[in-house]
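Line by line, the protein sequences give chains X and A. With the first sequence counted from 1, adding 1198 to any position gets you this note's numbering. With the second sequence counted from 1, adding 1198 to any position gets you this note's numbering.
For the record, the hints were derived by calculation from the structure and aren't laboratory data. Values in this document were obtained by computation on a predicted structure and should not be read as measured data. Any given hint might turn out to be false.
[Stated by the list, open to error] Quick list of in silico lysine-lysine cross-link-like pairs, DSS-like style, CA-CA up to 30 Å: (1) A:LYS1599 - X:LYS1951; (2) A:LYS1800 - X:LYS1521; (3) X:LYS1859 - X:LYS1891; (4) X:LYS1972 - A:LYS1271; (5) A:LYS1211 - X:LYS1521; (6) A:LYS1972 - A:LYS1271; (7) A:LYS1521 - X:LYS1972; (8) X:LYS1271 - A:LYS1951; (9) X:LYS1271 - A:LYS1599; (10) X:LYS1286 - A:LYS1924; (11) A:LYS1271 - A:LYS1695; (12) X:LYS1280 - A:LYS1972; (13) A:LYS1599 - A:LYS1211; (14) X:LYS1599 - X:LYS1271; (15) X:LYS1951 - A:LYS1211; (16) X:LYS1294 - A:LYS1211; (17) X:LYS1483 - A:LYS1521; (18) A:LYS1211 - X:LYS1284.
[As the list claims (entries may be wrong)] Derived list of chain A stretches under chain X, where covered just means 3 residues or more per stretch with a C-beta under 8 Å from a C-beta of chain X: (19) 1378–1392; (20) 1698–1705; (21) 1781–1790; (22) 1915–1924; (23) 1937–1946; (24) 1978–1986.
Glycine included, each C-beta is placed from N, C-alpha and C at the ideal position.
Number of protein chains: 2
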Amino acid sequence: MVCGGILENLILKCLAKLRESIDILVFPLHTDSNMVNAGDMNGSGNLMDFLDEPFPDVGTYEDFHTIDWLREKSRDTDRHRKITSKSKESIWEFIKSLLDAWSGWVVMLLIGLLAGTLAGVIDLAVDWMTDLKEGVCLSAFWYSHEQCCWTSNETTFDDRDKCPLWQKWSELLVSQSEGASAYILNYFLYIMWALCFAFLAVSLVRVFAPYACGSGIPEIKTILSGFIIRGYLGKWTLLIKTVTLVLVVSSGLSLGKEGPLVHVACCCGNFFSSLFSKYSKNEGKRREVLSAAAAAGVSVAFGAPIGGVLFSLEEVSYYFPLKTLWRSFFAALVAAFTLRSINPFGNSRLVLFYVEYHTPWYMAELFPFILLGVFGGLWGTLFIRCNIAWCRRRKTTRLGKYPVLEVIVITAITAIIAYPNPYTRRSTSELISELFNDCGALESSQLCDYINDPNMTRPVDDIPDRPAGPGVYTAMWQLALALVFKIVITIFTFGMKIPSGLFIPSMAVGAMAGRMVGIGVEQLAYHHHDWIIFRNWCRPGADCVTPGLYAMVGAAACLGGVTRMTVSLVVIMFELTGGLEYIVPLMAAAVTSKWVADAFGKEGIYEAHIHLNGYPFLDVKDEFTHRTLATDVMRPRRGEAPLSVLTQDSMTVEDVETLIKETDYNGFPVVVSKDSERLIGFAQRRELILAIKNARQRQDGVVSNSIVYFTEDPPELPPNSPHPLKLRRILNLSPFTVTDHTPMETVVDIFRKLGLRQCLVTRSGRLLGIITKKDVLRHMAQMANQDPESIMFN
Amino acid sequence: MVCGGILENLILKCLAKLRESIDILVFPLHTDSNMVNAGDMNGSGNLMDFLDEPFPDVGTYEDFHTIDWLREKSRDTDRHRKITSKSKESIWEFIKSLLDAWSGWVVMLLIGLLAGTLAGVIDLAVDWMTDLKEGVCLSAFWYSHEQCCWTSNETTFDDRDKCPLWQKWSELLVSQSEGASAYILNYFLYIMWALCFAFLAVSLVRVFAPYACGSGIPEIKTILSGFIIRGYLGKWTLLIKTVTLVLVVSSGLSLGKEGPLVHVACCCGNFFSSLFSKYSKNEGKRREVLSAAAAAGVSVAFGAPIGGVLFSLEEVSYYFPLKTLWRSFFAALVAAFTLRSINPFGNSRLVLFYVEYHTPWYMAELFPFILLGVFGGLWGTLFIRCNIAWCRRRKTTRLGKYPVLEVIVITAITAIIAYPNPYTRRSTSELISELFNDCGALESSQLCDYINDPNMTRPVDDIPDRPAGPGVYTAMWQLALALVFKIVITIFTFGMKIPSGLFIPSMAVGAMAGRMVGIGVEQLAYHHHDWIIFRNWCRPGADCVTPGLYAMVGAAACLGGVTRMTVSLVVIMFELTGGLEYIVPLMAAAVTSKWVADAFGKEGIYEAHIHLNGYPFLDVKDEFTHRTLATDVMRPRRGEAPLSVLTQDSMTVEDVETLIKETDYNGFPVVVSKDSERLIGFAQRRELILAIKNARQRQDGVVSNSIVYFTEDPPELPPNSPHPLKLRRILNLSPFTVTDHTPMETVVDIFRKLGLRQCLVTRSGRLLGIITKKDVLRHMAQMANQDPESIMFN
């Protein structure tokens, strides 16, 4: 342990130095290149024209704070209005306004191109490096196994494994290529490569971009709902996540690249939106771009553009206007076509798992499909509970202090157990692909080792059901072992400090279970075709059961159980098969799985991780049905100190400064006077500080004793009193108010739909208190019998 | 004219009598069977328990009024809360709560089944009646031409037209079946049948269900946005629209059944939601069902379930929570599968126009595709402008007084011009189907009359481009004439007092233009394959241009130009072809068409009709970018009489009654006193009337002199004064307020997102005025330089 720690430290320090130098080399201008919020950069520089211009810094937020959607929207309208009125002045301004109107499409195009390219590169690199664990291509070391054997055109497709140009490590390093010692050598090198990849990945993540770990979807959901996490979508995260994603997927860990691809696409979105001031300076508009980028991410992950858009709509996005729908669709299509023109799968297919089935399904099959749905729901519940418990343990115990060691250990265990079983040795997406496929006539896989009828002369597409051969039984055993292994190892893998997606492992679990059920039903139908349930549709010699379809249904069920996706899940699966034929089985399984999983707990894995991290996420799907009123939630509570307020014309600069110093609220309501407490407006903390600082520096006569006034005209002051400070400009004259009798369900609705940060509570004009988003979330947690303190950010 | 009027009146009177009797026979219990709002029925009956229970009538609205979404939502939460708390009491209550939770899915299932069945029946009936215009099947008169010739299996598919069992009218009525007199006889009977169908249709609509006319989509959009139009979705409308839809489509008028099918599906949705109190008593929940029903309608119209859901989301719906998305999808799928199992097209295809192309498209073809997009945009603009002008004329001049005559005249013109041209004589959807199809080897149509290469021995699927034969040139002429005719006649047809959809005529216009362009490009490429633009991809002997694809792109462009659909349009088209291959051409055309059309006017045909009718529809797509404040919009304006308000404890019953009688406002703000004007709450007119009426009848001591008080405790009164009337229960203590400084863009946003009816304007607690939805819409109209008085309803 100690030795590992020292070694780890040493290497990390070297890498940190390296990072610094790269940092300086690559990004010589911006030292804080990870910033989400580019608006910050021109903050202090523009203070010069403070008195003439609206505040330049108004649009910026602190890190780990919530944005105000209404304000962002109205700022964008202002900007738009300005451009429109300017565009009539000259042709140049008109062209500029046109460019501004088109910039949204340009950003989408760029995102689509980059996301598609990155996905293609990742696919190619993963292919090559996964095969590198087993051997190397002699003609060109950068060829994967498949590419290597393509070029040597002396082999047919059948004995792909025996192409002479591809050499296993044992063949290359020692003369003998068969036997126990060769096997052990290959085994050992397989583990070594895996450890090597995993160690490199976790080190890169730790040193260069800590945010590159995980799937990223929980954080992206939170960011899209209006939260600021600086650097989460930065350039470094983009770069490191792309590289480490290749490493971890190649290392054979039980994780997928689909979730992280969404994060990568969002990083692209953030990068391109920072090029256009329309998006870089408005957090609301930026989130529209990010929603579209998420759609592009799923689009390239599965080759399913429509499913991607619906995924973004259903699962990820918060504010999704129709314009974004259309643009998301565009970005998703561009990304999908870019990926197809790179053609990483070598078959010019758009989709990841293309399948074509030849037989319809029958009503009686709905029963096993629904069973698979139940399995998916149970798996989802089990996975979420265990994974969250393990992640909580990691957060709270010493375990969390050795992330590199953890990755190494899990990788070693994975590699050691995975190698002997052919279904876990290969990459998970290849496995899923094989499980989904129907047994054609030319299929050589073990899963298709059926006993052929000797009377059947030549293989046709429509092969009848046949009895299973010994290969199928072996495959069943191996699949069962692989299933248990996948279930256990995935729980420990997801959440480590490396990029890790959940889609592929979940689908693999479901596909394995589904294929086994499918083969079971098939054999049952073959051997007992006189049973009542089979008699109507499964005569001998008919091709009635398609085990591949069961695998697909199982995959959908398990994915649904973990993520609680519904429409987007079915649409993604529909795009994979390209036919409406199998939508009913998929829907039946998806719905069952969601219901079963929901019965044990409403949260999907992403919401569970959001809760675990205490992000302020106001889910649109949660229904608030309690009978509380605004007065029960607002601050101050009974017995608490009264609300910190500003008065409109009776406080001095010093009073205000003291108030700012003593409290950490984000803003203060302004009232007529402490006695009447009638609300005038709301002043942001940040703007107050800026305004006072600026006034003290540059406005003559403003001293600590100056009266701060928010009214239109200065108060009547005794002679010789210091020059007053007028701050009406920073006062928000239309703060959002509700009465103390407003039901909390309405308040929650308002917070959700308008994206507020805070809301003032009044009774016939008198200010009673304030409700912030954090208060709302804490109240909701309390009502759901959860710990309200788990909501950490504002 | 006069004679026509008398005849018309006579028949109408007879039909009205008939209607009454049917009314009594079919619906013996509810005389007001057309009501949208079933909650009304138990209004007066429940007044008994007025003092103990919350008002039974609270949830109902007047006809042509806007609902309050927030209130509907909170009423549903109350209901839900009650059921949940009751469900713990007994097993029966638990089962009831489960049934309640499942009722949403049951409604969706029923809607899907009924909508699918109706669509199938309509398809079959239209097929039969369209053929009835030309002839009759001798073996069974209820067979359509195609079905008739299927049963006589002596003919091959090729000479379908010559099957002996099918007899043209001329063959049946007179002995000779060829020659000029036979042609004239057929011509005459064709016109007579068409007139007969159209007259029957318009009479049925006028007498039984005036709301059954038009496409229904503008009204459904308005209803879904929260407007009440009683009877628009009633049972009579459902019945009559279904029947007359068959009649008008068969009559050969230039209209389609797709839009009306959405209306029919929504009627089904309204019917089934009235069976469950969860939906029948809550206008908000009812609208969720209607959104899903609209999706089911498009799903069966095109056989495109995903496109249907997106259409509902993009085009029709207003409030579309995720739960509705999922349920819409379910309803759309059930509807599609029901339709498929009825199998009206006889090919077990789900989609209306199934096409399969064998060749890819090339980059250079994007230019003609974009040209088609421009054409689509121009057609959209032309159609909307002319149609709206004509409809306005109909509304304002004497023309509108003869709806039956108008339909007869247009039908006669249509039939007379349509018969001689083979492309207009047949049904429009058959025409589109032929235009979309690629010329296969076996195609016998005139459009496929190419000159075959004599060296080519046998027909294969991949036929190279060939020179056009004389048939193609004839077809081009006929298509051009048909195009001009369709363009003109559709403008006059859409908006008559019969059910009429726009999708099919628009698609037909686009498909004709597209096919002509496609053939042009094909011949250009064949004859000039050495030109630079063709050289790279169109070598002689290659199959490089698919005219059918051009037709499809043209159809998408024209449909997009008229309706301004984007994503749903592309997805519907994608579902027709079933491949992502052609999405780029479709998108290019759809985007171009939308941009071109938007340049001439932002409104689609549905929005234009909504405006024409003055419905209060707050479009989510319109951006409000003006710099006005709430104070500019609120009532009372400067110089107007002060706002009519109630005071909390100083008005008598008589004062309140006078106020109610003298004004027609929907509600009154309640203030502390006329002097302070500090807002306490808001009281609905309807509830005030009910409460006072009830109190006068049943509460002792309440007389005209009684003080009405809204405070918690009665005001201190002099002795011997009459018993006061407490009305706090009907007071809404959380009225929505904004300050007078709130920018109108924020106010518009709040109205849109929260679905408010009105909003009070205050300044530091003092009531200044009120803004209603109508005020907002009038202000928006004014800002867009339109007539604010065109907004007629509240």
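Okay, the hints, checked on the actual structure:
1. Our distance criterion of 30 Å between C-alpha atoms is broken by A:LYS1599 and X:LYS1951, whose separation comes to about 46 Å.
2. About 14 Å separates the Cα atoms of A:LYS1800 and X:LYS1521, which keeps this hinted pair within 30 Å; it holds.
3. Between X:LYS1859 and X:LYS1891 the alpha-carbon distance is near 13 Å, which keeps this suggested pair within the 30 Å criterion.
4. About 23 Å separates the Cα atoms of X:LYS1972 and A:LYS1271, which keeps this hinted pair within 30 Å; it holds.
5. Of the supplied pair hints, the one linking A:LYS1211 and X:LYS1521 is violated, its CA atoms being roughly 51 Å apart against a limit of 30 Å.
6. For the hint pairing A:LYS1972 with A:LYS1271, the CA-to-CA distance comes to about 22 Å; that is within 30 Å, so the pair holds.
7. For the given pair, A:LYS1521 sits about 26 Å from X:LYS1972 by alpha-carbon distance, which is consistent with the 30 Å threshold.
8. The suggested pairing of X:LYS1271 with A:LYS1951 holds, with an alpha-carbon distance near 14 Å, which does not exceed 30 Å.
9. A C-alpha spacing of about 48 Å is found between X:LYS1271 and A:LYS1599, which places the hinted pair above 30 Å, so the restraint is violated.
10. Proposed proximity of X:LYS1286 and A:LYS1924 is contradicted: the alpha carbons are some 60 Å apart, above 30 Å.
11. Between the alpha carbons of A:LYS1271 and A:LYS1695 the distance comes to roughly 36 Å, so the proposed pair goes past 30 Å and is violated.
12. A distance of roughly 28 Å separates the Cα atoms of X:LYS1280 and A:LYS1972; the hinted pair therefore holds under the 30 Å criterion.
13. Using a Cα cut-off of 30 Å, the hinted pair A:LYS1599 and A:LYS1211 holds, with the two alpha carbons roughly 16 Å apart.
14. A C-alpha spacing of about 42 Å is found between X:LYS1599 and X:LYS1271, which places the hinted pair above 30 Å, so the restraint is violated.
15. Under the criterion of a C-alpha separation no larger than 30 Å, the hint pairing X:LYS1951 with A:LYS1211 is inconsistent with the structure, at around 52 Å.
16. Taking the CA atoms of X:LYS1294 and A:LYS1211, the gap is near 65 Å; set against the 30 Å cutoff, the hint is violated.
17. A threshold of 30 Å between alpha carbons decides the hint, and for X:LYS1483 with A:LYS1521 the separation of about 26 Å falls inside it, so the pair holds.
18. Restraint check for A:LYS1211 and X:LYS1284: the C-alpha separation of about 63 Å exceeds 30 Å, so the hint is violated.
19. Note: the segment 1378–1392 of chain A has 0 residues with beta-carbon separation from chain X under 8 Å; the three-residue rule is not met and the coverage is violated.
20. Counting residues of the segment 1698–1705 of chain A whose beta-carbon sits less than 8 Å from any beta-carbon of chain X gives 0, not enough to reach three: the coverage restraint is violated.
21. For a cut-off of 8 Å, the count of residues in the segment 1781–1790 of chain A with a CB near a CB of chain X stands at 3, and the three-residue condition holds.
22. Judged by the Cβ-Cβ criterion of 8 Å, the segment 1915–1924 of chain A is not covered by chain X as claimed, because only 0 of its residues qualify and three are needed.
23. Against chain X, the segment 1937–1946 of chain A contributes 6 residues with a C-beta closer than 8 Å to a partner C-beta. That satisfies the three-residue criterion, and the hint holds.
24. Here's how the segment 1978–1986 of chain A fares: 0 of its residues keep a CB closer than 8 Å to some CB of chain X, so the rule of at least three is not met and the hint is violated.
The structure fails to meet hints 1, 5, 9, 10, 11, 14, 15, 16, 18, 19, 20, 22, 24 from the earlier list, while all remaining hints are met.
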